Amino acid sequence: MAHNCHVLRRTHGNEEISISVMRLANIIAGGIGDEEEDGINQLFLHVDISKPGQKESLHFLCGLYPDALGIHSVSLRSKTESSGFLAVPTNYGGPVFQDIDEKMRDALHSFIEERGINESLFPFLQAWLYVKDHRNLMRWFKTVGSLVNDRKQGASHA
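Heads up: the sequence shown is residues 0 to 157, going by numbering that gives the first Met the number 0.
Honestly, the hints are just simulated from the structure, not real lab data. Careful: at least some of the hints might be erroneous.
To be verified - In silico EDC-like links for lysine to aspartate or glutamate, alpha-carbon gap of 16 angstroms or less:
#1 54 with 14
#2 78 with 47
#3 78 with 14
#4 54 with 118
#5 50 with 101
#6 78 with 15
#7 50 with 98
To be verified - Now the in silico label distances, taken between C-beta atoms and shown as ranges:
#8 135 with 102: 25 to 35 angstroms
#9 149 with 112: 49 to 59 angstroms
#10 141 with 97: 15 to 25 angstroms
#11 112 with 40: 12 to 22 angstroms
Values in this document were obtained by computation on a predicted structure and should not be read as measured data. Where is the CB? At the ideal position from N, CA and C, for every residue including glycine.
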């Protein structure tokens, strides 16, 4: 994911779970009729589930909505040794999620939901992103303010 995504980590039994989350607006630029820019109504998640010592991680790409979790794809990916982050897949990533048998799709939904990844996360992640964005904006204002003040002081001495 891009540098501006946010990552949460937790454990479930002996599994390590990491969630990278972005607002969909960060991925797809606002289109026509996008007047309600302040409201987040969809989040994009990368969910990685792995076990310590294993070389591969189960990777879910999901859309999270206030009332539903939609899985777009599931793949098995190798983890890089140094960072723990996932490497870009070089092998077959599996079939398109919608092409998988319905019972298997239901099982994968149950699997991820048992680990706490479901629509009940939406309000928390929405609020968490607002706080993160606010902090980043305040940091930006401080940096810009420092730059403007430095230039004013430099101009007054000239």
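Hints and how they fare:
1. 54 with 14: holds, 13 angstroms
2. 78 with 47: Distance ~10 angstroms between residue 78 and residue 47 Cα, so the pair holds.
3. 78 with 14: Holds. Residue 78 to residue 14 sits at ~14 angstroms (cutoff 16 angstroms).
4. 54 with 118: This hinted pair is violated, its Cα atoms lying about 29 angstroms apart.
5. 50 with 101: violated, 26 angstroms
6. 78 with 15: holds, 12 angstroms
7. 50 with 98: It is violated: about 27 angstroms lies between the C-alpha atoms, which goes past 16 angstroms.
8. 135 with 102: 25 to 35 angstroms: violated, 43 angstroms
9. 149 with 112: 49 to 59 angstroms: Cβ of residue 149 to Cβ of residue 112: about 52 angstroms, so the range 49 to 59 angstroms holds.
10. 141 with 97: 15 to 25 angstroms: The hint (15 to 25 angstroms, Cβ to Cβ) is violated, given that residue 141 and residue 97 are roughly 46 angstroms apart.
11. 112 with 40: 12 to 22 angstroms: For residue 40 against residue 112, whose Cβ atoms are near 20 angstroms apart, the range 12 to 22 angstroms holds.
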